[in-house]
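Asks: Residue strings, one per chain:
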Amino acid sequence: MTGILYAAGIYLILRRSLVKLIIGIVVLGNGVNLLIFLMGGLVKGQPPIIPKDSHHIEGIFADPVPQALILTAIVISFGLQSFAIVLIKRAYKVLQTDDIDAMNKTDDIE
Amino acid sequence: MIENLSIFPILGQAIVAVILLFFWRRPKWQRILSIFGSSVNLFIAAALFYFIYEHGTQTTQLGNWEAPFGITMVADLLAVSLVLLTNIVGFVLSIYSNANMVSARVKFGYYAMFHFLIMGLSGAFLTGDIFNMYVWFEVIIISSFVLLTIGGRKIQIEGAVKYFTLNMLSSIVFLTGIAMLYGVTGTLNMAELGRVIPTIENTGIVDTISLIFFIGFGVKAGVFPLYFWLPASYHTPPAAVSALFGGLLTKVGVYAMIRTFTLIFPLSEMNQIILAVIAIFTIFFGGIGALVQKDVLRVFSYLIICHIGFMVGGLSLFTEVALVGAVFYMFHDIIVKTTLFMMGGVFFRIFGNTKLYNMGGLMNNYPRLSLLFAIPLFALVGIPPLSGFWPKISLFGASYETGNIIMLVSFIFASLITLIIIAKVWNDTFAKKELETAKLKQLKYFDQFDRREKTAMILPIALLIGVTLYYSFFSEHIQIVAERIGHDLMHPETYIKAVFPSKN
Chain A
221 MTGILYAAGI YLILRRSLVK LIIGIVVLGN GVNLLIFLMG GLVKGQPPII PKDSHHIEGI
281 FADPVPQALI LTAIVISFGL QSFAIVLIKR AYKVLQTDDI DAMNKTDDIE
Chain B
90 MIENLSIFPI LGQAIVAVIL LFFWRRPKWQ RILSIFGSSV NLFIAAALFY FIYEHGTQTT
150 QLGNWEAPFG ITMVADLLAV SLVLLTNIVG FVLSIYSNAN MVSARVKFGY YAMFHFLIMG
210 LSGAFLTGDI FNMYVWFEVI IISSFVLLTI GGRKIQIEGA VKYFTLNMLS SIVFLTGIAM
270 LYGVTGTLNM AELGRVIPTI ENTGIVDTIS LIFFIGFGVK AGVFPLYFWL PASYHTPPAA
330 VSALFGGLLT KVGVYAMIRT FTLIFPLSEM NQIILAVIAI FTIFFGGIGA LVQKDVLRVF
390 SYLIICHIGF MVGGLSLFTE VALVGAVFYM FHDIIVKTTL FMMGGVFFRI FGNTKLYNMG
450 GLMNNYPRLS LLFAIPLFAL VGIPPLSGFW PKISLFGASY ETGNIIMLVS FIFASLITLI
510 IIAKVWNDTF AKKELETAKL KQLKYFDQFD RREKTAMILP IALLIGVTLY YSFFSEHIQI
570 VAERIGHDLM HPETYIKAVF PSKN
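Chains A and B supply the protein sequences, listed in that same order. Residue 326 in the working numbering sits at position 106 of the first sequence, with consecutive numbering throughout. Residue 531 in the working numbering sits at position 442 of the second sequence, with consecutive numbering throughout.
Hints may contain errors.
[To be verified] Negatives, chain B to chain A, calculated, CB over 10 Å: (1) L100; (2) A103; (3) Y139; (4) M269; (5) I286; (6) W515; (7) D539.
[Claimed, not checked] With a straight-line cut-off of 20 Å between C-alpha atoms, the simulated SDA-like cross-links for lysine to any residue are: (8) B:K383 - A:N324; (9) A:K240 - B:L255; (10) A:K309 - B:F197; (11) A:K309 - B:F234; (12) A:K309 - B:K383; (13) A:K309 - B:L255; (14) A:K325 - B:F197; (15) B:K243 - A:F303.
Just so you know, these hints were derived from the structure itself, not from any lab. Where is the CB? At the ideal position from N, CA and C, for every residue including glycine.
Okay, chain A solo, but in the shape it has when bound (with noise of 0.2 Å):
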């Protein structure tokens, strides 16, 4: 699954559309978010919480520090994808265009 979400996101991004570009972004960022996820070890268990009779915990538990992770990581991501989804309409109402190949213009050797 993450696997298809990284190369339908890479594939996204080498299109020409602004638009599919920037989902091309989204769709890869939720790819990363769901290995995060997986990387903390996907477990039928306990919440973490230490029981008070006791200093640690017995078997199985979540790690909650993935789900922490991922927390920030979509709230930032969230932020930066409202920002380029304005920032494209921009492009778009300035350019005239939203195809990224007419956007050359700052490659000039002038």
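Given the coordinates of chain A, assemble chain B onto it according to the supplied hints.
Replies: Coordinates of chain B only, in the frame set by chain A:
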């Protein structure tokens, strides 16, 4: 008080930025407050630097969670030196912005974003947690997006699209690296990682992860196959913004590389070769790219890339002397590149644009200014005794000692090509006869500035040139600092010991 010292630079910038948000519609107040806030922060950073220099590495455990469970902030000498330089640059640029930034842009929160960006930079330098570093990187890029697009000219938006895409991509790659690293080691604290990684038997996966990190940081730093966003976007925003970007943003990538490849993944032989090859290509492509450009800001952008090669090359040699050279070069480069882009802003005000073929006659019309501007240009080439010369001694010496002759040749090539480029820039802007060009009506030219605006434009440049001259004539001070940093980098035990005082 003392144990929280290492978060003060971050906190200081955050407070300034938040206060500035309250003065959203009052550009004049924002200008004054920004200069005041920057000077206070400069003082804090200098105090922190002095403290660390005297007492050694300090750590702060955020929320009092013991490492490796909480987020650790580690103020070692490399980090605080970079924070100090960041704050110096921030201070001079907040003066420079007075002349360079029109009020309309200030009203869209330019200064607040400026301070948030510096906060992000300080955070990225000081953090001791790899995921926290990712978060600071995001703080940096989101504020840099805003700074890049503020004003919304056509070319800016176009540059921003490229800048945005590649930086997003690099963050995603970086995050992938973090995910895999967590999967392998189960920790994200950099000092803990430095202890755990050598015990992992499967070195293949460690090398793979380290290369994923290298790609992520490489986009930020602008190394060879990944640099195309840099010359496409750095010349588009106003000079104050590109000076900030050119001086500091790529250096964060280099800093992250130096940190991860000394502390977390000490370079294996294969990685050393990969880094060396990339450094050499970066030097060649950056240099040759700069040679053909006709816009002075784009020339400077390519020179950034060329000189990133020096630092990555120094890292790839991976001896103490080479790291001393790389670190010293980074210190020098931050100051000089900022100065160059600020000079670009002055050129723009004098000539109305920054094309080399439209300029000329600066030496006749502004002789004192030309003399001033000659210093950073020569320092960039590394003509002794100016600052670019000293780190090159270490770098050349290290590449000779390790027998890496190709690296030595490409360092010499880079110095030579920089000389050629600077000679060309000098010829076109200063020495050539003045051209008759039609003046733009809506632009306020340099000779129309009043005294205050002229001072605001030239004083910061003069201040940074003062720093360059300090590097040049008191280079033994910098060398001592760089040698201590190099020693610490090659002996990561000291870093680990500072984070876990009880366990060793």
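Asks: For the pair we were handed, K383 of chain B and N324 of chain A, check the Cα-Cα distance against 20 Å.
Replies: holds (16 Å)
Asks: Can we trust that Y139 of chain B is non-interface, i.e. its beta-carbon lies farther than 10 Å from all of chain A?
Replies: Fine: 34 Å to the nearest Cβ keeps Y139 of chain B off the interface.
Asks: Run the distance test for K309 of chain A versus K383 of chain B: straight-line Cα separation, threshold 20 Å.
Replies: Violated. K309 of chain A to K383 of chain B sits at ~31 Å, over the 20 Å cutoff.
Asks: Beyond 10 Å from chain A, beta-carbon-wise, is A103 of chain B?
Replies: holds (17 Å)
Asks: Holds or violated: K309 of chain A with L255 of chain B, Cα cutoff 20 Å?
Replies: The hint holds at about 18 Å.
Asks: Between K243 of chain B and F303 of chain A, is the straight-line Cα distance small enough, at 20 Å or below?
Replies: holds (17 Å)
Asks: Does the alpha-carbon distance linking K309 of chain A and F197 of chain B stay inside the 20 Å limit?
Replies: holds (19 Å)
Asks: When you check the alpha-carbon spacing of K325 of chain A and F197 of chain B, does it fall within 20 Å?
Replies: violated (26 Å)
Asks: Is the Cβ of L100 of chain B farther than 10 Å from every Cβ of chain A?
Replies: holds (20 Å)
Asks: If I take the minimum Cβ distance from W515 of chain B to any residue of chain A, is it greater than 10 Å?
Replies: holds (20 Å)
Asks: Since I286 of chain B was said not to touch the interface, does its Cβ keep a gap of more than 10 Å from each Cβ of chain A?
Replies: holds (16 Å)
Asks: The output says D539 of chain B does not contact chain A. Does that hold with a beta carbon cutoff of 10 Å?
Replies: holds (33 Å)
Violation of the numbered hints given earlier is confined to hints 4, 12, 14; the remaining hints are satisfied by the structure.
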